[in-house]
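Visitor: For reference, the chains in residue letters:
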Amino acid sequence: MKWSLLSDHTVHLHFWDDECVAYNKRSGDTHLLGPMATQIVLKLQQSPSDALTLAESIKLLPTDETNDELPLQIEHMLADLDQLSLISFS
Amino acid sequence: MTINKHHNNEMGEQHLPHDELSDQPKLEDESRRRFTKSGLLVSGVLMTLASRPSLGGGTVYGAGQVCKTPSGFLSGNISQHGTPPKCSGRTPGYWGTHYTWPSTYKTGTCTNTQQEQDYKSWSTNNCTMYKDSTLGFHCNGYGSGYLNYSMMQVILLGGVGDPYQIGAHCVAALLNARSGWTPVLTEAQVRNIFNEYNTKGYFQPTAGVKWYPADIVKYLQSTMTL
Amino acid sequence: MNVSSLTPSELASRLRNAGIRLQTGSFITHLQTAIPSVAEGIGLLYSDYPLAEQGDFADFHVDLIPPRNLRRWFKPQVLFLSDGSPPFKPLPLDQAFPMFEWGLNWCVSSHANNYLIIHSAVVEKNGYAAILPAPPGSGKSTLCAALVNRGWRLLSDELTLVRVSDGKIIPLPRPVSLKNQSIDIIQRYEPGAIFSRKVSDTMKGTVAHMKPPSDSIFRAAETAQIAWIIFPKYQAGSAARLEPLPQSRAFMRVADNAFNYSLLGTEGFETMVRLIDASLCYDFTYSVLDEAIETFAALKPPTSPT
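Protein chains in written order, with our numbering: chain A, 9 to 98; chain B, 31 to 256; chain C, 19 to 324.
Honestly, the hints are just simulated from the structure, not real lab data.
Among these hints, one or two may not hold up.
Claimed, not checked - Chain B is faced by these chain A residues, among others (derived, beta-carbon under 7 Å): (1) G36; (2) T38; (3) G42; (4) P43; (5) M44; (6) A45; (7) M85.
A quick note: this is a predicted structure, and the numbers were derived from the prediction, not measured.
For every residue, glycine included, the Cβ atom is placed at its ideal position computed from N, Cα and C.
Chain A extracted, bound-state conformation:
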């Protein structure tokens, strides 16, 4: 079971620097995604994934503190994106 981005027919994305705007055709809502959420959708756009794999692959700056809670925080973010019907779990 993995997370994947909904298809182009449903979700339109556009990226600027480290953020993006996402338009959901079904709801008609537009969302502004911050850097982490943007990285998540970028990864999911390439291929379906799970929270742990995403936590490992999402780039951290060398100066950042070690963040053990990253996988959990990514889980929360995935739940948010799911609630907005931008991604699905299957």
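Chain A is already provided as a structure; the job is to place chains B and C on it using the hints.
Guide: For chains B and C alone, kept in the frame of chain A given last:
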């Protein structure tokens, strides 16, 4: 437009283009590139522009309007497209005396027909509660006073139990919307107004503007033209 | 033929009878009214605007009439009709000309859905447009009025029209709406500017309309390419300051200021993406008009084509 800020957004009660009263947000100052614990708080879903075709932006117009949406009501601007909708909503007084409510809203049973206008005469059996999870409102904040009442009871409550009759007007607005009498104001939008008030003590038709109960009632009354 | 080719009494007579077909940018409005202040306002502020022929197609059919109620004699009122229906409640008769202006804005913003329509001023220089989205009180109209009197072409002071098919900005130059102190400020700033009579006690306070420079009217068919999106904010005592705004943030703020972004659905999103992609975006704080003018004069368009 309704812009909803997300709980994981550090910007908090932030300002958007319509805020005349405070400084523009210094969005560019926020550190967005650090995925540390604190940095993640501004890294998620930051805001949503809800799809509301009938809610307009700005105050282009100084003229009064036949029927207005919440943001359109602010200073007389026009926000609908095409044929102007006309509101023909009924008042709480109407719904408190007409007991055929639109499906699936239920009045409940009147246990004392001698005193039909007393909220205590109405039972909470077979009724729609004000806090109904599908049809009703959130009652865990400023709305907690309505927690144990049916919608019919709230219509009749009055006095200190229902300041400015905000509860009564919200029920009436809900029933009007269900009846198709207020094209610019849907049931979902009515719930949104009260629920935001429940959480914050006010409703923001557009960022930077706060409607307290009296303002909310004034707006809802403008949709109750019959 | 322009409005100025009619004498005031010819204009008033036409308005009372068959009406006139007034061309503003790419819209033709068939206007009929017997209200003298409207005829005067048209004669003064629309003198350089073309008139279309009687039989020509009109986008909007507008009447300004006294409502059919007792107010015909006591505190008389005026009603705005679009295609025979009133979108607004009546206003005091004294506000008839501003009502015409507001009503025409409503006609455009309600019907012109082949454009993404943004509540903003938009000005142009050297083929490049600067959009100034802003809520009331931000000083947008004052700034716009100043800019168009200092070398910028007026495309619109209220409605930016972005053509969905190609992203071009379509001019709709009409009288600039100013209110309260802004009227005096611009009258001092540009003593030669032509103003309508001040109208008091409107919902916006005291309002007046400024005739756009003739150049803006004559070039109304010339589209422009977007280059800058600038959110102005008047702040007493502040030096002029341009702060870059991330495009993602500008997108949300402009969409929030668009009348029909939601209505246009996917096309609205795509048009907005293209608009933002092509723009340099800024927050702009100012207090002195001349400093604002200098800042705008120094703007450079984006270097990379989109």
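Visitor: Would you mind marking each hint as holding or not holding in the structure?
Guide: Quick rundown of the hints versus the structure:
For G36 (chain A), the shortest C-beta to C-beta distance to chain B is roughly 3 Å, which falls under 7 Å, so the interface hint holds. Taking 7 Å as the C-beta contact cut-off toward chain B, the hint placing T38 (chain A) at the interface holds, the least distance being around 4 Å. Among the interface hints, the one on G42 (chain A) holds; its C-beta lies about 4 Å from the nearest C-beta in chain B, closer than the 7 Å criterion. For P43 (chain A), the interface hint holds, since its Cβ comes within 7 Å of a Cβ in chain B; the closest pair sits about 5 Å apart.
This hint holds: M44 (chain A) has a C-beta 3 Å from the nearest C-beta of chain B, less than the 7 Å allowed. Interface restraint check for A45 (chain A): the shortest CB-CB distance to chain B comes to about 5 Å, inside 7 Å, so the restraint holds. Given hint, M85 (chain A) at the interface with chain B, holds; its Cβ is 5 Å from that chain's nearest Cβ, closer than 7 Å.
In the structure shown, no violation is registered for any of the earlier numbered hints.
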